[in-house]
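Engineer: Can you make the complete structure from the sequences, with help from the hints?
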Amino acid sequence: MQKSLYIDPEKCTGCLQCEMACSFEQTGVFNPSQSRIKVFSFEEEGRKVPYTCTQCDEAWCMQACPVDSIKLDATTGAKVVQDETCVGCKVCTISCPFGTINYVVETGKVAKCDLCGGDPACAKACPTDAITFVDANWTGLDKMRKWAAKANDASL
Amino acid sequence: MAWTRQILRVNLTKGTCTSEPLNMEWAMDYLGSRGLASKYLVEEIDPKVDPLSADNKLIMATGPMTGTIASTGGRYTVVTKGPLTGAIACSNSGGYFGAEMKFAGWGMIIFEGQSPKPVYLMVENDKAELRDASHLWGTSTWHTEEQIKKENHDPQIRISSIGKAGENQVLFSCVVNDLHRAAGRSGVGAVMGSKNLKAVAIRGTKGVGNVENPAEFQKVTAEKKQILAENAVTGEGLPTYGTQVLMNVINEMGALPTRNHKDVAFESANDISAEAMAKPRDSDGKAHLVTNQACFGCTIACGRISKIDKDHFSVVQKPQYHGASGGLEYEAAWALGAANGVKDLEALQYANLICNEQGMDPISFGATIGAVMEMYENGTLDEKKIGVKAPFGSAEALCELVDMTANGEGFGVEIGLGSKRLCAKYGQPELSMSVKGQEFPAYDSRGIQGMGLTYATSNRGACHLRSYTVASEVLGIPVKTDPLTTEGKPGLVMAFQDATAAFDASGLCIFTSFAWGLGDIQPQIDAACEGDWSEAKLQEVGERIWNMEKLFNLKAGFTKEDDQLPKRLTTEPAKEGPAKGLVAGVPEMLPEYYEIRGWDKEGVPTAEKLKSLGL
Chain A
508 MQKSLYIDPE KCTGCLQCEM ACSFEQTGVF NPSQSRIKVF SFEEEGRKVP YTCTQCDEAW
568 CMQACPVDSI KLDATTGAKV VQDETCVGCK VCTISCPFGT INYVVETGKV AKCDLCGGDP
628 ACAKACPTDA ITFVDANWTG LDKMRKWAAK ANDASL
Chain B
4 MAWTRQILRV NLTKGTCTSE PLNMEWAMDY LGSRGLASKY LVEEIDPKVD PLSADNKLIM
64 ATGPMTGTIA STGGRYTVVT KGPLTGAIAC SNSGGYFGAE MKFAGWGMII FEGQSPKPVY
124 LMVENDKAEL RDASHLWGTS TWHTEEQIKK ENHDPQIRIS SIGKAGENQV LFSCVVNDLH
184 RAAGRSGVGA VMGSKNLKAV AIRGTKGVGN VENPAEFQKV TAEKKQILAE NAVTGEGLPT
244 YGTQVLMNVI NEMGALPTRN HKDVAFESAN DISAEAMAKP RDSDGKAHLV TNQACFGCTI
304 ACGRISKIDK DHFSVVQKPQ YHGASGGLEY EAAWALGAAN GVKDLEALQY ANLICNEQGM
364 DPISFGATIG AVMEMYENGT LDEKKIGVKA PFGSAEALCE LVDMTANGEG FGVEIGLGSK
424 RLCAKYGQPE LSMSVKGQEF PAYDSRGIQG MGLTYATSNR GACHLRSYTV ASEVLGIPVK
484 TDPLTTEGKP GLVMAFQDAT AAFDASGLCI FTSFAWGLGD IQPQIDAACE GDWSEAKLQE
544 VGERIWNMEK LFNLKAGFTK EDDQLPKRLT TEPAKEGPAK GLVAGVPEML PEYYEIRGWD
604 KEGVPTAEKL KSLGL
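Read top to bottom, the protein sequences are chains A and B.
Counting in the numbering used here, the first sequence runs without a single skipped number right up to 663 at its last residue.
Counting in the numbering used here, the second sequence runs without a single skipped number right up to 618 at its last residue.
Don't take each hint at face value.
Stated by the list, open to error - List of simulated lysine-lysine pairs, BS3-like, C-alpha gap at most 25 Å: (1) B/K209 with A/K616; (2) B/K222 with A/K631; (3) A/K650 with B/K289; (4) B/K209 with A/K631; (5) B/K152 with A/K545; (6) A/K597 with B/K209; (7) B/K392 with B/K265; (8) A/K518 with B/K289; (9) A/K653 with B/K282.
Just so you know, the hints here were simulated from the structure itself, not pulled from any lab data.
Note that this is a predicted model, so its numbers are computed, not measured.
Structural biologist: What follows is the structure in structure tokens.
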């Protein structure tokens, strides 16, 4: 079964455990500035929103790469940057409509979420289940369950 | 090893920023943050220095756990000689700023001297420089954060700054970071103001990559997070209700100081409680509370984010305050509310947000208003003098006076002196509910006896965060003790004081101690840091920090006479509730406390005690 990251911003507290876990998994350093998942803060409304690559099927980054350095991991569905061949041209960063692939000055390559090979560190670190790793065909299951429970509530 | 081993020294007189290696011998004895910064302070300044002079220094320090994945590992401490108290000041804050300092590669920043003009420090990894802040002077902490991000074209900068209160050297002004978090007490903001230092802005992209044993650290921090998640207080009470969960609990115990400590219970406590914050308002059908939020790395997330009622008199003409902002937390809700007899939740939120925006400690501000209201009611002060009618319970007066104090207008200038100086000025020193000049927080020491001793002996003046015996006396953590008795409390207070100092020195949040003991932070510190960090060693580090702070205060001129509560608490019994008829038993607890501390009858550490701690 293929899985997807599923994000529920309502549950995010802004603790950045995901950014710490991601950066440590990817670079061996606790360093939010190297995290591939970012938590955004909307102060006026008091909202925190985690955001990362959704692994599009027809991935713009993959299509745009002139040296074929972004490959599909068939098991996880992740689009994975091949560091050995990436030339740091940044065309992928321009083509991605969501901004979730970024150039890294320190390495001269681009970096994006690769689902940690199928066991994403961000989801494991999230203390509130704002980030979960669930059946890719059923990312809406929890939401459906919530509404189903309401429909079945005789008191409403 | 988790320390960055690098200190940034900023000389504001000369305008220089220099790097120096961290004294690792001291790190081994004092761990970090509160402990290590205090060690640097006591070594570098004369304890008799005027806190607001160029000769005082101000240190911002992280601990070894700051900026790691350990839960709550985002704290930093501001250490200086406090202008409110004249004692060593050490104010701890969360948010994201502390971790950013670490990510930039600095364990500590020492500010010395006095800048001839307003400046802010800009740090980008190794690069640090002082920049002109004349365009920021006279503006709020919120504006300062926004403006610095804007002018540097970098929304990811983290900022710690003072507002107008710090600039005006309000003696209980604080240092605010990340909009709603503050190094709150003892007037550390005024020290920044006296140095013409408006803000510290940091962008760090280096991260923390040097923990001693990464695999073990990942494993043990994950296990300890699980303990926090499963604990009733840290896993449920605090995230759901925040610290405000205490309002009704403490009130029912008859330990909620009300109307400047004249009463021990507030008839309207429920109106300003966590429950009230979560309930839809009659006016607009919306709840005051929007959500809970976490500081950096924190898996508890006790922080409150609220929205004020747009039609409330305090903000109806001020749309800039209609958005979400931090609070109310328990201590602030008490100080702005019960301490003044004010039951208008929206008014409390307004006063709280002005405290955040302009950088004031809401505890000391609120408690000082309590004293003002009592002097208004007894005829010492009148409407002409204050500029507003100020009886107990007046939400209008609270909102008016918070503006005046933050802006340094009219009678607000006198409020900015704090209750001790204000009450003395009007011939009623006994009405200041403070120890060493710092106002009490939200627990009455007649109904929770351990807190009386906590306040009396706290090295930074009255404070709940030096030894939170409420945990034991109210919540039964780690063991239940009777709040109404003095028996065993000296030992309890000492144990809490030393353990708290160790928690503070690590860079972790003291709120974890509802679920964690020293035995839980020990393996996390040990996996992160070089050297052998046993529980016994952490205990000793805590005791060493406590004695070091005490020695500083003694040299600054404090004596046994300063380890006392105001007469009201030791002579006027509680009027109602479980503690009815009781006064605070500090006089009977103090000799025993000195003795078990290894101090003489005057409260001076003995040579033997100092030697055993290597002091």
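Engineer: Could you check the structure against the hints above and give me the numbers of any it violates, in ascending order?
Structural biologist: none
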